[in-house]
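S.K.: Residue numbers (UniProt numbering), protein chains in the order written: chain A, 1 to 283; chain B, 1 to 1155.
In case anyone wonders, no lab produced these hints; they're calculated from the structure.
Keep in mind it's a predicted model, so treat the numbers as computed, not measured.
Check each hint, because a few of them may be wrong.
[What the hints assert, rightly or not] With a Cα cut of at most 30 Å, we get these calculated BS3-like pairs of lysine-lysine:
hint, chain 1, residue 1, chain 2, residue 2
1, B, 783, A, 129
2, B, 910, A, 140
3, B, 877, A, 121
[What the hints assert, rightly or not] Pair by pair, the computed Cβ-Cβ distance ranges are:
hint, chain 1, residue 1, chain 2, residue 2, range
4, A, 54, B, 119, 53 to 61 Å
5, B, 890, A, 52, 44 to 52 Å
6, A, 54, B, 467, 48 to 56 Å
7, A, 124, B, 119, 31 to 39 Å
8, A, 262, B, 1044, 45 to 53 Å
9, B, 789, A, 124, 33 to 41 Å
10, A, 211, B, 757, 23 to 31 Å
No residue lacks a Cβ here, since even glycine has one placed at the ideal position from N, Cα and C.
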Amino acid sequence: MATKTTKREPQVELRKLTDDYCEFVLKGTDVSMANALRRIILVEVPTIAIELVEFEANTTVLNDEFLAHRLGLIPLVSTRVHDMKSIYEAQVGAWVARRRRHYIHPVGYHDREDKGILLVKMRRNQELKLRAVARKGTGKDHAKWMPVATCVYQFMPEITINHALMDTLTDDQKEEWCAADPRKTFRLNKLTHRVEVTNPELYQYDGEVLAKAEEMGKPGLVAIKQKQDTFIFRVEGTGVLPPQDIVLTACEVLASKIRNLDAALAEEARRFDGREEPAPMQA
Amino acid sequence: MSAGDAGLVNQKYALLPAFLQAKGLIRQHVSSFNHFIASDLLKIIKAKGNERVTCDADPNFYLRYTNIYVGRPSLEEDYIQTELTPNQCRLRDQTYSAPISVDVEYTRGKEVVIRKGKSGAGAILIGRMPIMLRSDRCVLTGKSEEELAWVGECPLDPGGYFVVKGTEKVILIQEQLSKNRIIIDTGTPALAARHSHGAVVASVTSSTHERKSKTNIVSKHNRLMLKHNAFTEDVNIVIVMRAMGVESDEEVLQLVGTEGPFASLLTPTLQHCKEEGVYTRQQALDYLAGKVKGSGRPASPAGGGGFTRRTRSRVDEARDILANVVLCHVPVVQFDYQQKVTYIAVMVRRMLYAKLDPSFIDDRDYYGNKRLELAGGLLALLFEDLFKRMNADLKRQADSSLSKANRATQFDIAKCIRTDTITFGLEHAISSGNWTIKRFRMERKGVTQVLSRLSFISAVGMMTRITSQFEKTRKVSGPRALQPSQWGMLCPADTPEGESCGLVKNLALMTHVTTDEEEAPIARLAHIMGVEPASLVNQSELRERGCALVFLNGNILGVHRRPKYFVRSFREMRRRGRVGEFVSVYMQHDTVQIASDGGRVCRPLIICDRGVPRVKDEHLQLLRMGKWNFNSFLHSGLLEYLDVNEENNSLVALYEADCGPRVTHLEIEPFTILGVVAGLIPFPHHNQSPRNTYQCAMGKQAMGNVAFNQLNRMDTLLYLLCYPQRPLLTTKTIELVGFDRLGAGQNATVAVMSYSGYDIEDAIVMNRASLDRGFGRCIVLRKYGTSLKKYANRTQDRIVLPAAAVGPASAPRPAKFRVLDRDGIAAAGEVLTQGEILVNKQMPTNTRDPVSNPAAMPDTFYRNAPVSWKGYTGGEKCVVDKVLLTSNDDCSCVVKVLVRHTRRPELGDKFSSRHGQKGVVGSIWSQSDMPFSERGLVPDLIMNPHGFPSRMTVGKMIELLGSKAAVCTGRFHYGTAFGEPAGLADKVESISQELVEAGYSYSGKDFLHSGITGEALEAHIFMGPVYYQKLKHMVLDKMHARARGPRVVLTRQPTEGRSRDGGLRLGEMERDCLIGYGASMLLLERLMISSDQFEVQVCTHCGLMGYKRHDGLAVCPLLRSPEHIASLRIPYAAKLLFQELQSMNIVPKLLLAEA
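Use the sequences and the hints to build the structure in full.
M.R.: This is the structure:
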């Protein structure tokens, strides 16, 4: 794909924001940016999850490792994660002293009435006593630290209907063609007898309409392209962090990565300055 | 699911769950065992040779068995009778058995004692019978799920096995050629080659309670000869008939049949008889007497003067052999050979038929000629043998004590009955699998096997397994091939690969194996229905047109003049319930065969009248309402069981739509031709057939839940899946078997694409986040156990915690004792490291000589015999799961330690879908690197599309589609074999429809983006959930490497095998490569320096290897001087060879040359 030389001026248009869902349109940038953001959201936004479990007594049907694994996967409300330091962020030896006790509760748990997530069913006389330590971490280390259920983006489809060719079809044929798309992106306007796009975002690039057009002997009825600079982001949080928080942290992580790179480059440049001119950067 | 064309077709499936509910999943084993307990046992003790024990010394003495009882499984401990439960036996290494007791009548001195027990138990205990789980005598029978849970048993466990000494043992079903039936065969291939045509052999394996013998009639130079072990050579069949009283040739001909070319075919035989000069019965008997085997001894004892027992004359012996040995299953009452002669005539006739027309030659592999021997039958054989042995022991005791003139006390035989013979005999046979029946000189090995508890399915699959008696090395394909007559009886897919392919088979879902049924009432009924006894009919009338011989279990019953009418009305009698439901009647050639013997395979079918099925909607309605059960259908004559032979007389329609006017039966469900294990495969009818076979083998290796009581068991090795799931795409078999409650796999979202190249050659790329969330996570439980023995000198093993070293330093205990608790046994919850001791057992050093105070011996009198944990050094973190302390049958203490290890999938672990598509994990990737769809779907694993074209597993593709639709609609989809017409499997068309409604492509393909670059992938990717199984082969159990390590003592070469930390062998072929390449130094290094290099001192003069003298100088063994000694490096094995040769007086010399 030819790289566009146009200046990048990313724009964000927020479409929807709830407690655990966020949808926004990222414009004026390219795939690498969008994908970087997606990857960071998945894997590098820190949250809190149980990491260490000490069992004092466990006579339930599930064994210690099993329960520990289940405990680890409980989403914990991690709004205070920014005040915390992970083991690796802290100075060696210093993190223990810094350890503070925070009140942390699972997502969806507000008071004692809440049943919460089922960990293990216990029978009479079964015993379970444990101490669990939750820590800050990222999805890189374990999926339990992932802040989102899923985070994806969609290329905005660019649909152009060849109306001249379309008009060679009868209404029935048009209807048939519209029905070929499982997502119902197209619609026949009964008044104008024209095929319209209901909502281009519905289109899933499944190629059904293109195949249908070919089958009808009218290839080129419609041209569909992916708009390479517009992305519809959908972030479905697990509730551990508000989605806007996730996205903003991700941007921060991305920015800090770039800052690091910048600093490293500057450092490298300084080293070279002492001796010779730095070699021109390869594009 | 669409309804079928007819009303019935959609609902007749309901009969299947009713059938399985009524009969159980492994009804064959249970009903066979029940039959053994209920009727075979009594028959055995009432049999001619068994009922009475007499004594040579006292003719008035006798012991007679009047009745036999098998009680409930129970155990007497410390004089308290307690009920045994199977799980208790498993845990305590006991045998799940019940007491066998008898009622007797015997003489004590002059009086006759009659002893009868009360309330369902006999007076005298004669032994203990291992009880099959879920049989009538088992405590589990009739218990509800909750009650089963209380006794620690899984409600889904099918039973059908035994618990002997704590291990679960299955008596495998044995397949053999049917007994007491005439089989016309082409004989041995060598024989067939010699005679270009007509090398036919009629053979019968006769089997009665007392005797087994094989009788052949062969054709030699066109003469028919009897071949039998009792005779030294083959004898003319006409002479045999003469000896049985058929004196005229005409009579012989009339018996065999006068029509057509029979007379001319028999001429050479008759001629030969004449040549031998045999005309009368006496002559014939004389002739045969000369051929009797083992009659080489003189007819009368040579002199001696004293009176000895009169030896029978050889003629008597020949007569006796003809009556009791040759064709011994045909009764000869008071030397009336009438029946046997007719039988021989039938054999000859069939042979001659086959000579004229090869289509009359029987097929040995035809399944109607096979009988299956089940647990009950095998136990009956064994029990009778042991019972006879016990009686022989009793007789010996009676002989020895009654022959003494004056006894202090009166001899009471009831007090001499020992229970060990039967108890240990049965227990030992089942636990070792060696079936030794003395009276038949039968010695079979491997009859029983340990029940495989790898997965629930492997356990169930084992119960339906059939092994064949054929030896595996023979290179004939016949017995291995799938026979058309196996249709519906045996699973066409489930057989192992390799040497036992086709010899080990599995029963289909609805197959039932019959048990023996009483012959006498059937014979009586047949006579009432117009079967004229053969002895009352003129010989020539036997062969009259339209008449047919009627056989009952291979024996001639008589003649019927309207055989077709007879067969029809007999069947009607069976449908009315006047005859047992498993009795079969069928026409074979010009005979009517009635079979009521055990071991026939049969299956239920819907009866049709001129193509109209008898089962109607109203009947199914009754079934649904619970007013009817499966047996009601049988008793109302709507269904019947057909065995393989009777199937040949019927026309069975697969679907109701196929019912034409000539159709006699309708299948209940076509998918029942598959067995339990093959029933797990969705859409197997869309797969290439070997793939289904592969899956049948792999389904047994899949991890999952073993049983509901899996955590209360102490198996040596148990693999459990942490989060097993129920397949999204199920089959009816899965529901019937209970696999949906004890799954062995997980529904993984699979993307069929090539991504990275770490998925080539069947490898799988996995999503790390899925593994983090518990996909493929498993628990491995391994048992370590020991028992504390008591010895003759009253010493016994002990378990102690070694005292901490006393002394000024008071050093801590060595690290290997770290996990031990105060009782010397590892504490539950401890994390183990390599070589740590689990049970610190100590044995007394002296177990024979008397010890003064066995209870308090000093520590020095014990030596260590610890149970230590042999974990692998690969960082395996195992935990002591639990510890069991109990006592076994010998009242010795048993300690079992269960060690647990939780594993997540790693590179190289083996996974498989349900379509014989196995693969190992090739790479594990972060979720951010995995491809994703615009809906946020990320695959759990990626499979390479090259797995499809050559394997042709279309079923897997449909499974993916169906599972995807199942996820979208929230309804479990079905993929039952051949289920589309009956609505038991979803059609691809309707699945696609559902996908489109859910907004997916009809083809199941999704539009994905690369997770690495973020760009859209050019191709649409076939993606959806597929049920994946984790197989037991894991890298952790197999990985192995060594740099240095242990060596074998004898050769000083590295040890072999992972378990001994062995080296990796550079084998012959690798060696050839290096030789070919010329890498001599590498060869030297691999084969000697890294292996068993040894330095020898060789005398350059004599060429012998020297030795080190006291001053450290090497000397020549002959010259005894350190001169001329050269130092040489050779493999230790070579040095060993030289010395071994020397020990055999061969002197190898090393002739050295200047290098």
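S.K.: When the hints from earlier in the document are held up against this structure, which numbers fail?
M.R.: Those not satisfied: there are none.
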